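Q: Read off the chains here:
2 protein chains.
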Amino acid sequence: MNYQAPYKDMQLLVAQAYQQQGLAGVESLDGFDPELANAVMEEAAKFATGVLAPLNQVGDVQGCRFRDGKVITADGWKEAYQQFAESGWIGLALPEEFGGQGLPKYIAQPVNEMWLSANLAFVMFQALAQGGSEILLNFANESIQNRYLPKIVSGEWTVAMALTEPNAGSDLGALNTKAIQQADGTYKIKGQKIYITYGDHDLTDNIAHLVLARTPDAPAGSRGISLFIVPKHRVADDGALGEFNDVRCTGIEHKMGLHGSPTCSISYGDQDDCIGELVGELNQGLMAMFVLMNEARLSCGLQGVALGELGYQRALEYAQERTQGANSQGEKVAIVEHADVKRMLLEIRSETFALRAVGYQIAAQIDATEVTDDPLKKDRVALLTPIFKAFATERANVMAGQVVQVFGGMGFVEETGVAQIMRDARVTTIYEGTTGIQARDLMFRKVRGDQGKALTELLAEVTQLAQSFESDEVFASMAQDSQQVINKMTSLLHSHLLNPDMDHEDLLAVSVPFLEAMGILCCTWQLLNVLAYQQAQENTDESYVQNIKALSVFYGAYRLPSAMAALKVVENAGLGLGKYKF
Amino acid sequence: MNYQAPYKDMQLLVAQAYQQQGLAGVESLDGFDPELANAVMEEAAKFATGVLAPLNQVGDVQGCRFRDGKVITADGWKEAYQQFAESGWIGLALPEEFGGQGLPKYIAQPVNEMWLSANLAFVMFQALAQGGSEILLNFANESIQNRYLPKIVSGEWTVAMALTEPNAGSDLGALNTKAIQQADGTYKIKGQKIYITYGDHDLTDNIAHLVLARTPDAPAGSRGISLFIVPKHRVADDGALGEFNDVRCTGIEHKMGLHGSPTCSISYGDQDDCIGELVGELNQGLMAMFVLMNEARLSCGLQGVALGELGYQRALEYAQERTQGANSQGEKVAIVEHADVKRMLLEIRSETFALRAVGYQIAAQIDATEVTDDPLKKDRVALLTPIFKAFATERANVMAGQVVQVFGGMGFVEETGVAQIMRDARVTTIYEGTTGIQARDLMFRKVRGDQGKALTELLAEVTQLAQSFESDEVFASMAQDSQQVINKMTSLLHSHLLNPDMDHEDLLAVSVPFLEAMGILCCTWQLLNVLAYQQAQENTDESYVQNIKALSVFYGAYRLPSAMAALKVVENAGLGLGKYKF
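Sequence lines, in order, name chains A and B. If you read the first sequence in the numbering used here, its first letter stands for residue 1, the second for the next number, and so on. If you read the second sequence in the numbering used here, its first letter stands for residue 1, the second for the next number, and so on.
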């Protein structure tokens, strides 16, 4: 069975985020309400299930091929791309001025989730188009905007993001690609980049590369990096395609997963004939790229949700069909009846649901920052971004492993397709900043950077919510356990994170456990938040409400305890690590 | 760089297990002392590094091929097999009477670990030969023993274990293969089996299949299963090869990992001409198979250790070579200097070391049971087997994921070879009984089954050990935390595990968390045990002792807290699970 969009969850969480982030009365969002969201979701679901999902395994099995310097995508992908672009899906959340539909992010979020569940390897161009457009909208001059944006928004051209070099991965400051200004103001680009997603392909006639490079007299390190737009084929003033711009694909990676998505090595200016234009200010390239990076990180977190959902659907379907063993009454049963299988399914289900709620709140919150300019909301988004990126992808890896486990031996056999979910998921904790980098960002930039203000405000909000469940018949213990986590976190904030006497390295070594505790707490927070929201609704679907309650109780009982363990590790910062000689 | 045997660890843990399990004064083990162990390990290490390790990636890339009904292994595998067999490695721990070298298990353990690290997919025939021989030694008549054992021990023939059928996986009681007695006392076998490791291959002229099947009037379920030995080619009384025995390979699986190891579907008696002989008593097949199964489970646990070690070596080497980013002084450093990378490396290192210690103790304990007949030791082995099998393999999956994470983007690219470790590891929590099945075995058969006696004795032993560290400058807090885990476990043993009012399904649903807590406690126990052992030694290598201390402190600080979290989940048994409607 193909992926089916989880409508009920999506509708609930979209409507809730819309209401809670205060988007209801906003004039510029007039008409962009949950009713429109539902209509869009319905169309997207048809496309995801009907067109994209059937091509997912095709891409995995065939992979991309690299022949005579050209990248060829899997059978059916080119046609699917054309259909995708022609249906207007690429410009869904891009400005109407350039041909987009200008939908707010809170509506684009469930739609993007569907694409990612249906065919992650295929749809990676979507986040690139979205992030690339935002860079151009924020930093590029009008001429570049007018030549490129209409083509990108329509899907006529794709965007590639060329950052990594063999010696510059997590540390972009080490990059070496050169940009030398010409008499006409453009730049000659020369250098080798690797790991470029959709850096070359046969889906479109042109590709707009956003390339980080250094001008000859730029300062060393990350302060001397500029951003250039470098098309595969040159672009005339009227937007017409010109000659080849000396942007050559030199190979594609043979990867563990995401076989359908070409990961390219690109040589710029091999024949000294590669021309780029500066985007934004000189030496401010990293700042511009961070716009795309933040976008990409949120998209990564959503990938975690999407893979969790896909895996859950496959595992549940298998568990309901596969008969094996007996229940305690000795009757043969489907394995969904076995308690340990139930546990695995509920771990996947509850964490996917909670992480989806976190992601939808962030999307709506970004919409809110654009209309309200509330600095608190911006800080909240900044705080949650590394948590969502790293925790959702780490958990997607665990969940994908559990999906294979539910399938047993059949999971290890490639034809069932669930091994692919696990292989595809594996890179999500690496690209767009590894989990370690997200954890450092969280601990040092987002928590220490504002003296714990955004974190303290978040903890206060969760406390208030937890207190409202303190005398609840069902959720009292979950509320108490959350409060225990919050108290411990508050105490560690002062004794460890903000303590100037704490050794920097000792803190870094517990930054991932700290992020894990935050991730679990955020999931708990959103589950309680959904429960509170549902209680306030009328005409709810009672059996659905009971299910959300059950999975929330489950999460509190089975996953929340790990937050205390992670905080105990944070408390132990400094033990053992430095004394070991490798 | 190829895999290198971790000598120091192996020598330490072999000598320790030998002493602590009381093997020193045993007459039948005269000469089989740690000195001999060291000599054997040295030879094995050369073979592992020189012959087997270089073929590991070859097997992964080429895989097995299935052509014209025949299985063809990867280039170089046949020659390596011949060398392996001719060097006498297969019969290392098998009786001298049948051509083996009769070494005790405690010496075979590090040797097997080396094979498994060097090339897991290749060496899977080894555990089958070992387990298959033990079945024949325990259950087969003399005629079968004389015809088969010399060939198996010498490696002239391999052994296959044919249990699973499409509808009988975890639940073997559902199997359908038929065995009909002939006038001469032999049986005609007819049925389809799947997932048979080395069920067919081109390494040897013959394969001895151990097949579970039912006679026509056998009772239903698992009480009606008998065990048969079914050769691919018939065997004359003098052991000479006879005609083809209608044992056909109908296909091999396309798997996520272990590509080099053929996983076969076999049709027995397609032409009604497949003859087998009964091994042991009629309808007692499962009991016999459990001998092999226990062996296989311990081998699986050792696979976890072996993959952890292989991954650690690869990750450490990469982390020491790869320069990226800077330390807090702003100097460019190898990534091994980054605190979060150190944390990942130490998680792998400490858990692999501790699990190795657990496995070596079990091996020596089995040797001890054979010479002392101490029922306590047997119960201890029975208690530890599911913990070692499930926990070591679950952690190997986590650790292999961390190895990829240390490699970053390079880990996701197949050519570095670390993705293979992760793919290979994936099935270890599934085959030979899933983690869920081990957890059920632990909770119900091993703990409830003897009213908690073996567990209580183990906890008393760990308590005593922990108490000896209570006033230790460095290990006091690890000792206290262990005691907290033990106290909680003892309390849950009575309130939950042995409580007849507890719902069976509710307990089952927390059996994996319970096993996880036991696994972490066992690792902690063995780390403290090694520390106590080292303190009692003279002439120790001081820097090595300091390293073991540092990794033990690390384990106590970073991993031990998860045991309390897992026990909190056990305490929460019954919450949420039953109320969710899938």
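The hints are simulated quantities; they were obtained by calculation from the structure and are not laboratory data. A quick note: this is a predicted structure, and the numbers were derived from the prediction, not measured. Just to be clear, a hint being listed does not mean it is correct.
[Stated by the list, open to error] Output of the computed footprint for chain B on chain A, the stretches with three or more beta carbons under 8 Å from beta carbons of chain B:
#1 161-171
#2 245-257
#3 271-282
#4 342-353
#5 399-412
#6 432-441
#7 500-506
Where is the CB? At the ideal position from N, CA and C, for every residue including glycine.
Q: Going back to the hint list, which numbers does this structure go against?
A: The structure conflicts with hint 3 only, although it agrees with all the remaining ones.
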